[in-house]
Each structure stands twice: as C-alpha cells, then as structure tokens.
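Given the coordinates of chain A, work out where chain B should sit on it, guided by the hints.
2 protein chains.
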Amino acid sequence: MLNFDQLSLNIPDTTKPRVVVIGGGFGGINLVKKLSGKDFQIVMFDKQNYHGFWPLLYQVATAGLEPDAIAEPLRKMFDEDYEDFHFRLVRILGVDPLTKTVKTMIGDLHYDYLVIATGTKANFFGNEQVQKYSFSLKTIPEALNLRSQLLQSFEQASITKDPDIRQSLLNYVIVGAGPTGVEMAGSLAEMRKHVLPGDYPGLDFSKMNIYLVEGLDRVLPPMSPEASAKTQKYLEDMGVVVKLKTLVESYDGETVTFKGGEQIRSQTVVWAAGVTGALIDGLPKELIARGGRITVNEFNQVQGYNDIFAIGDIAFMKTEKWPNGHPGVAQPAIQQGQHLAKNLRRLIKNEPMTKFDYFDKGSLAIIGRVRAVADLPGNLHLGGFVAWVAWLFVHIYYLIGFRSKLVVLSNWIYRLFTYERGTRLIIRPFVRRDKKEMEEFVVKNELS
Amino acid sequence: MLNFDQLSLNIPDTTKPRVVVIGGGFGGINLVKKLSGKDFQIVMFDKQNYHGFWPLLYQVATAGLEPDAIAEPLRKMFDEDYEDFHFRLVRILGVDPLTKTVKTMIGDLHYDYLVIATGTKANFFGNEQVQKYSFSLKTIPEALNLRSQLLQSFEQASITKDPDIRQSLLNYVIVGAGPTGVEMAGSLAEMRKHVLPGDYPGLDFSKMNIYLVEGLDRVLPPMSPEASAKTQKYLEDMGVVVKLKTLVESYDGETVTFKGGEQIRSQTVVWAAGVTGALIDGLPKELIARGGRITVNEFNQVQGYNDIFAIGDIAFMKTEKWPNGHPGVAQPAIQQGQHLAKNLRRLIKNEPMTKFDYFDKGSLAIIGRVRAVADLPGNLHLGGFVAWVAWLFVHIYYLIGFRSKLVVLSNWIYRLFTYERGTRLIIRPFVRRDKKEMEEFVVKNELS
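Chains A and B are the protein sequences, given in the same order.
With my numbering, the residue at position 181 of the first sequence is 181, and numbering never jumps.
With my numbering, the residue at position 208 of the second sequence is 208, and numbering never jumps.
Be aware that one or more of the hints could be misleading.
A pair counts as met if it fits within one copy or between any two copies, since identical chains are not told apart.
Within a straight-line C-alpha distance of at most 27 Å, the following computed DSSO-like cross-link-like pairs (lysine-lysine) qualify [said to hold, decoys possible]:
1) Lys355 to Lys342
2) Lys233 to Lys33
3) Lys243 to Lys121
4) Lys285 to Lys233
5) Lys138 to Lys259
6) Lys16 to Lys318
7) Lys318 to Lys76
Hints listed in this document are in silico derivations from the structure and should not be mistaken for laboratory results.
Looking at chain A on its own, in the form it has when it is part of the complex (with noise of 0.2 Å):
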C-alpha cells in the first residue's frame, strides 16, 4: 500500500540557503533555535521524532521516570512559530558532498550548509557475543527494555526453584563506571534497599548483587580524583561491588567472564562501557579521529568543506586545551550549537566567522539520593547533598523549555519524600531473542 516511491520528502523550494541538520540533540537543537527562517531554510532530519534529555536516560530504565518526562517531540519544539523550519523523521543513507546531497529513504535533497550532529552510539569494540546478550542504555526503547527486564528478572526470581538460578537473575553486571554506569548502579542500590523488599516479599535481597566494573583504575575516569574517591566510597557504602582494573572477556548471555578468567553467573548485564560516533556513509575514512568522530577545524567545519559541519559528540576537534577533543556531554553539543549558528549567519554576511572556544562549567554525577560529586571550575569539588542539589538544579535548569520540567519536578519531589517508584510496569515484556527458551517462557506468559 505505502511503498517509497508513493513518498518524498516534500521540502517546498527555497531561494535562501539551505541549512540540512542530521540529527535532533543538544547540538542539533540549539543550533536551531539560533538561526532564523528569515535569513535559511531549515531542515531537519531525524529517525526518533523527538529530542531526549539523555543524562536521565537511566531514569527511564530504573522505573524513576517515564519517557515524557525526559524527551520532548520535535515537532512540538520547533513548532509553527519557526519560520521555513521542516522536520522530517526519516533515516539517512549517506552524504554526496561533490553534489552537495543528503540521500535519504524516501529522495535526495541539496543543501548549501551540511550540519552533522548525529551523537554517538555504544561501542561494543566488535564484541558481537556482548552485543547480542548485554543492555545499552543509549535510546527510550534500550532503557524501556533493560527496565522490564530488571522487573521479570525478580518477578522469576521469585517462581524459580532452582537457587543457582535464582542468584544469577539476582546479579546484576554494569560494565563501565562512566556517569551511565555510576547513576545506574546508584539507583539500583537504592531500589534494593528502598523499593524492592516491600513489592517482593518473599524473595531475599541479601542476596542481590550489584556489580560496578571498570577497566580504568577509577570510577567516573573523566572527573577529579577526588570526584572518584568520593564516588567510589558513596557506593561502596550502598553496597555496589566495584571491581577497578576489570575487563570483560566474554558474556554469552549467562556467564560474564572477566579478563584473568574470573566469572559471574548473571541474567542481566548492562554494556556502559563506551561509545563511537554515529558516522554517516559518504565521508573520506581519513577524516574519522578516534572514537568514530569527524575531524573539524575550530569552526566545527569538516576538515577540507567549507559546507560541512560537525557539532556535539560526533565532532573531532583538538585544541591546545583540548587536545584529545571536547567531553562527550551536553554542554560542548550545546555550545557548539549556539556558536555554529552565529557563523552561519556570518557566512551569508561574508563576514568571517569566530573559533568556538569551550567554557567548562564543570561536571556532575549523581550517586544516589541526595548524594553526587561535582567538579566545578577553579578546582573546586564538592561532594554529598550539597553536589545533589546542584545536580538537581543543573537538571531542572536545562530541562526548561520542556513541558517535561512540571513532570519531572513533581516525580522528584514525591520520590525525595517517598523513596517510591511508580513506574514499575511490565508494558512489553522483554525477550531475549536468541535464546529460545527465554522467549518461549515470556511469549507463553506475555502481558499484553
């Protein structure tokens, strides 16, 4: 009925330039919001019809928050009060820079300026066995998984009769002690301690473990030591196992296997261990720096167009001060944005465009409740409620904008005073696709 050549992309034609934007993030989105439909056309492109506030990502996971409180669709972000904006949510093909084209599923379309400002993906450095058996946490959809998963992994632990069994869905292996991993296991924690006994009774919360495990000889390596020691004891005092210097070998879905031959018997094993950057087909090889990220100049302008730019984590560039690029966080994305947008601007002016220069607010991770690390400017770090309640304010601040703000607020609120998790529903049961029996299991008992 619908095939692709029933399909167009239906942009209207257009004599101001044409800005294509791949990709609806902190990058893409302020990018955006800084230029006019007066002076461009612009269009975006995404394959998710939303924009997702990704540091509360594990949220979603852990049954804190549903998805509307961390993602805002784009359509209603850049609604009719954008001039000459077009949103379409269609996935990408590649680049031809020679005829200045983005080939999309459903037609080509020419641009005069080219922003890619994809992100990244996890990196599971061709691990396909990890792959196949262990959770990301990069998209709703991997979180909404690894959340029904984490409830039918005690909703069997509590009907398994077989005690080996039982303490292999009471596992739980988070690999990579970045702030994915660190929040992750921090919040688990404390659904352990808080939340869990009191839904399930009958099983024994002694024994659930909670692994933390990082290659690198800290926690949260890209924070001050003294972020990490402080992070390290917080969870450490909730009960997290972290095992430092620690690479995974194997994990076939059952058993992790540890470089040096250690093993844990575990049903869930979440993969936080790295990313790589989400490359378009189209670009030279010898553009893409290490972790999959294209090479810029300080202008965010891919090494060797003048029409092409890469902002945000997928983007390359080295400075005196940065010299192995920019954190993978928001704010460089956003920044980098803002900044683009200007030059942009400057362009069609003829006028020359300014170097971004970064300015590091500092960073923040969230151990638990009322306890994070914080490292700010001018070497100071804090820790304990005084760093969570500069998370949280971080948090809110840069949720505004999103009607998500009002949700996220009053969830925060009620669990600050509760300890309670409302979200503990099974929507779509989670199955492991490639073990037969699992999926035999869960379709006989499917929920819907």
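Frame of chain A, contents of chain B only:
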C-alpha cells in the same frame, strides 16, 4: 536456560482458607483490600503486573497521558503491609472445580475459594479480518500501538505524493459510540483543532475526518436519551461525523465497507464496538450467559458451586432491577469486590451470606475539553462544564490511592491551560505485521 521445569508458583502452605483471585482489575483489588491475611491466605494471579484505570486509557492512545498515570503495579498496591498476600505474574490455563485446582503455566494451586475477576476483552463478533486490521483499545500496549499509528499517519501524510493515500491516512474511523468511542472521537477532534496544526504546518487539517460509527440509533446507548442528544451535538460541533444505525461489513486494512455498501478509505480504524467476557477453561458451557459472562446468583456465586465466585464485568447477575445484568463499568465491579469480601468472612464464620445490591451512582462521559455529560440518580441529567467538573472530580477521586493522581492532576491542569499534549513520542513504531509493504516501510525507517 529458564524453562518451566525450573519454575513453580512457590506459594507457602497454609492452614488458613486460601482465596485465589484471578485478575487485578477493579473487582479483584477491591476484594483483596477488604480481606485480611489474618483470616485468609490470598493469592492473586494476573497476566499483567499492574492494575489499570481503564476509563482513562483513551488518554494514553491520544498522547495525553503516559501509562504510569493510569496504572499502578499490583505488587506496590499490595506490598508488605498486606499479610499473607501473594501475587504471581502468570497465565492461567484453566480451573478444575472437582479437585478445586487452578492450573497455570508453571504449576497448579489448590483453592478453598476461587474468585474469577477476569473482566472482558474486545469482541469482533467473529470478523477475523476486522480483528486483524483494526485497533482495539483494551490494554496499555494496544493504546500505545494506536498512539504510534496516529502519529505515524500524520508523519506519512506529510511525505506522501499521492493525494488519495494522504486522504486515507487522514480518515479516522471509530466503530462503536460507547464511552470509549465517544471519548476517543472527542479527543482526536481536540488534537485536530489545538495541537496538530502547530506540529504539522505543512498538512491541511481541514482534510482530516473523524467518523464515529454506531449500530444503534444514538450515541452512548447505555446512558439517557438526554445525554445521548447532548453528546451528539457536542461531537458535531467539534466536527466529528456521527453515523448512526451503521454497521461495519468488512475492513481490509485500506477500506471500511458498511452494510449497505458505503465505503471509506482509512488507514486507522479503531474498534470500540463491543466486549465479551474473558473466560477461563473448565467451567460448564451452560453457565455462560450473553456477552460471554458467567451466570452467578445474588451472592456472586457461580451457579452450581459453593466455592467459586465471579465478580465485575465477567459476572452475569440477573436481578429484577437489572434484568440484563449490571452495566460493564467500574462501579459494579468495585461494589461486588467489596461485598464479596464481607460474604467470604461470613462464610468462614458459618454465617449466612447477604445479597448484593447495586448502588447506582450514575454515569459520566467526557467529550472534550470542559464538556461532558452525566446521568445522576433521581433522573438528573447534566451537560457542559458542570458535567465536566463532575467527571474530573469523580476520576480524580477514584485515582486516590494511586501515586498517579499527582501526575494525572498536574497533566490535567497543564493541559487545561495550554491545550498541550506532551507525549507525542513515537517510542516503538507500530508495524502492521500483516502488510508487507507497510512493514518494509516502517522497519527500514525504524526508530530505535
């Protein structure tokens, strides 16, 4: 790995009488709330891990509310404060009244008292084609599928070149003008007026048609003629095309054909035309009354059994006042659950049971923002804003005890002042699995 041999229901032995409740709807939860673990061991089975406030399910389908606002985990509702209560997420195979046993996928369980509270499911009157291609609205996954379909139809209408296909994407046919159909039609009409033109500036929403189709001669047939007339007027004022005395002959996924020959091309047909009891194997066929319900006496006892009860929508209790049984809404289920709890306590004390007497509090339906109709006891009929306020208070009142209350309230207040819906996220694109081309389209464009 996990197979059925390794699982068991794992319910502790007991010397108390064991009450097994099948279903965590309004009947089941109100029964359990009034029973005490001091007198009984209480076991609840459900194939979902949550209780849903289904009168608001249409809000999930039209992106007004997220699932957590209308559903509550059963384990949270009956937590450790409920002595000797045991919830199991499990699918029921049947009952054996001779051995007093409930059979599940993972083992059998003996009962002293069995309460069937399984409610209803959509009734397609044997029309398999309609069942295959239309959307029903009885469960959260169904509501989320319908939401995805609605949002995708606008996205696809934005990019199709073929005006016939665009029109069929913008034709929405709702079959059945009961409360669900009416609320769905009203909600879609409000989206068309207040929300969609901002999101899709390139689409001409004067071409979006909402058809509400009813086989009988008025909308809301269970309510008073006054309420029906008011409702039809409100709907028509909002631009809904109401088609009475109209029956669906067939729907092949592209064209709805009505009895008499009229046809409408539509990609989205919502089936809200009827329900039938969600029966359990093992009871004699002659007990099944009209609408697939189980015949009970005025103690909710299933005919012929002293120890099997049915409550709520699944129960057919013929009384002088209600010769066709009680209406299929929340109130009879709530009252029967509460009443049966008292009777079970009487039974174990060898006291005589008391008859169930339904207290009709009236009925309510909402048509749109600040418009509703109400039939109250004493032949009192309300409409407009007053009925809407009544609707709001009744729904908020029955959400008390739910955390959701807060979320629902804040969402409602927010929407009241902004006309805004925050949850237009296509989280898991709906795939019409029987249509190869559509699947190809969506799978290749999949969002996750």
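Violating hint indices (sorted, rising): 2, 4, 6 and 7
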